[in-house]
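J.: Single-letter residue listing:
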Amino acid sequence: MSVKVFLPAAFTRHTDGRKNFDSAAANLPGLLADIDQSFPALSTQIKDENGKLRRFINIYINDEDIRFLGGETYAFQDGDEIMLIPSIAGGCC
Amino acid sequence: MNYSCNRYELKCNECGKRYGNQPLSACPDCIAPLEIVYDLEAVRGIFTRENIAAGPASIWRYSALLPIPDGFQPDLPVGFTPLVRAKNLGKRIGANNLYIKNDAVCFPTLSFKDRVVSVALANAQKFGFTTVGCSSTGNLANSVAAQAARLGIKATILVPADLEPAKILNTLVYGARLVRIDGNYDHVNRLCTLIADEYSWGFVNVNLRPYYAEGSKSVGYEIAEQLGWKLPDNVVVPMAGGSLIRKIRKAFRELVYLGLVEDKPVRFFGAQATGCSPISTAVKEGTEDIVPQRPNTIARSLAIGNPADGPAAAKMIREDGGWAEDVSDVEIVSGIQELAETEGIFTETAGGVTTAVTARLYAQGRISPDQITVTCITGNGLKTTDALAASYQHIDARAVRPRLADFDAYLKELDGTTESELAAVGA
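Read top to bottom, the protein sequences are chains A and B. Here this note's numbering is used: the first sequence runs in plain steps of one and ends on residue 93. Here this note's numbering is used: the second sequence runs in plain steps of one and ends on residue 1427.
Honestly, the hints are just simulated from the structure, not real lab data. Everything numeric in this text was worked out from a predicted model, so none of it was measured. For glycine and all other residues, C-beta sits at the position ideal for the given N, C-alpha and C. Mixed in with the good hints, there may be bad ones.
Facing chain B, from chain A, some residues (calculated, C-beta under 7 Å) [to be verified]:
id, residue
1, PRO8
2, ARG54
3, PHE56
4, ILE61
5, ASP65
6, ARG67
7, GLY71
8, SER87
Build out the structure end to end from the sequences listed, making use of the hints.
T.: In structure tokens form, the structure reads like this:
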């Protein structure tokens, strides 16, 4: 099983410019562990001093916010496209 | 693509690192949103009541505390909208000192978005962007399209597919390129962050966001100036992303720091639609953790299920002793009608939210009748007439024959009375 992880430009300075990579992780904690191994600098960028994912980062599975799918308990499906994106403000007011 | 300025620059809210002036919205180190900070001492002596009064009747009278590049020549008279005493609405909801800040008549596109867009586009030009864009729930789209047309900049605008037809038309008319996205606002916003990476466009609410958001401060400056350089006791503000409410507070604090107004406690009240209420829910639960929601409300301009400024807004509201409430779609329509019937102000659905929440805050006793309270109306009802379509069957009423007797009979029928309003001539 494999999922594809996509990164916006804000994160690619720690991945040698790579905007996506494949992972065999089974869920979000597995993916973060994978990032610890493969891209340790990215890992420190996206996690706070307590090792938790920073609250300004949103994770999408295909088109859905992972929090709507069960968050850390969501089991990745083969072929899932996973996107890490800084949350940005917007809207009316 | 950057410029230097000794009055203001970008700073990370979380780690405090400064980034000069460039099109950048998140801290490269900790991903937190960037904000503009000012050297307030540099404008002391410049940002004075006298200088402001001598300035134009627009937001540009406050330029010294807006991130406007030196040498920028403002073109449009944006903002400086009326602050009106709302005696009639006040009587109905038990408020003796209620004011409406009426951005339903903001120039040029009838929403408070004109303020933020004018500041964003001044910076877009300075950064050298020839195309600007935005993700929008409607008002922002209208404003970017109009102001870009005026400045001769190309505009590409992304909106959720279910947006009100009037708001789509009100964007297309300016010649903007408009793309309807098959998704909600949060989907559109996410796509825009990806586009901003790949295209060299100035996205007013992505890479220009810190500059754009500062334009909201002008609402706070105007409220204080129009109250005779006094701060109100309470401000009721609609919340989508949660930005405006914080910027009004920032404006008040700057005015206090520079001595333009006396310091006093001001409480901030946030208004949301129940169908999209992540921030008011967090406030009620006493947390800063925003749980995202899938929006389902007629107040589309407030329908942001995952508000980035939500945690900061929730924290600020609680710290200052304020509160947040949310109202149903039925109450939103009543709010629109109530404001129109009492004060002659026709607001859009977001204003219906704010009006209905204001009424509820008085009913709950959270706001005392005599306190000076300002309710912020941010958009115009002409843009969301669909929301009222079911409320007035009279739209399809039969036509009356052009005869006096028919007219008189019809009035009786309308009012359900047998008495005639016909006055006997000479009686």
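J.: If a hint holds in the structure, say so; if it doesn't, say that too.
T.: Against the structure, the hints come out as follows:
1. PRO8: holds (5 Å)
2. ARG54: At 5 Å from the nearest chain B Cβ, ARG54(A) passes the 7 Å test, so the hint holds.
3. PHE56: Hint holds; PHE56(A) Cβ to chain B Cβ min 5 Å, cut 7 Å.
4. ILE61: violated (12 Å)
5. ASP65: At 6 Å from the nearest chain B Cβ, ASP65(A) passes the 7 Å test, so the hint holds.
6. ARG67: Holds - the Cβ of ARG67(A) comes within 7 Å of chain B, reaching about 6 Å at its closest.
7. GLY71: Violated: closest Cβ of chain B sits about 10 Å from GLY71(A), beyond 7 Å.
8. SER87: Check passed: Cβ of SER87(A) comes within 4 Å of chain B, closer than 7 Å.
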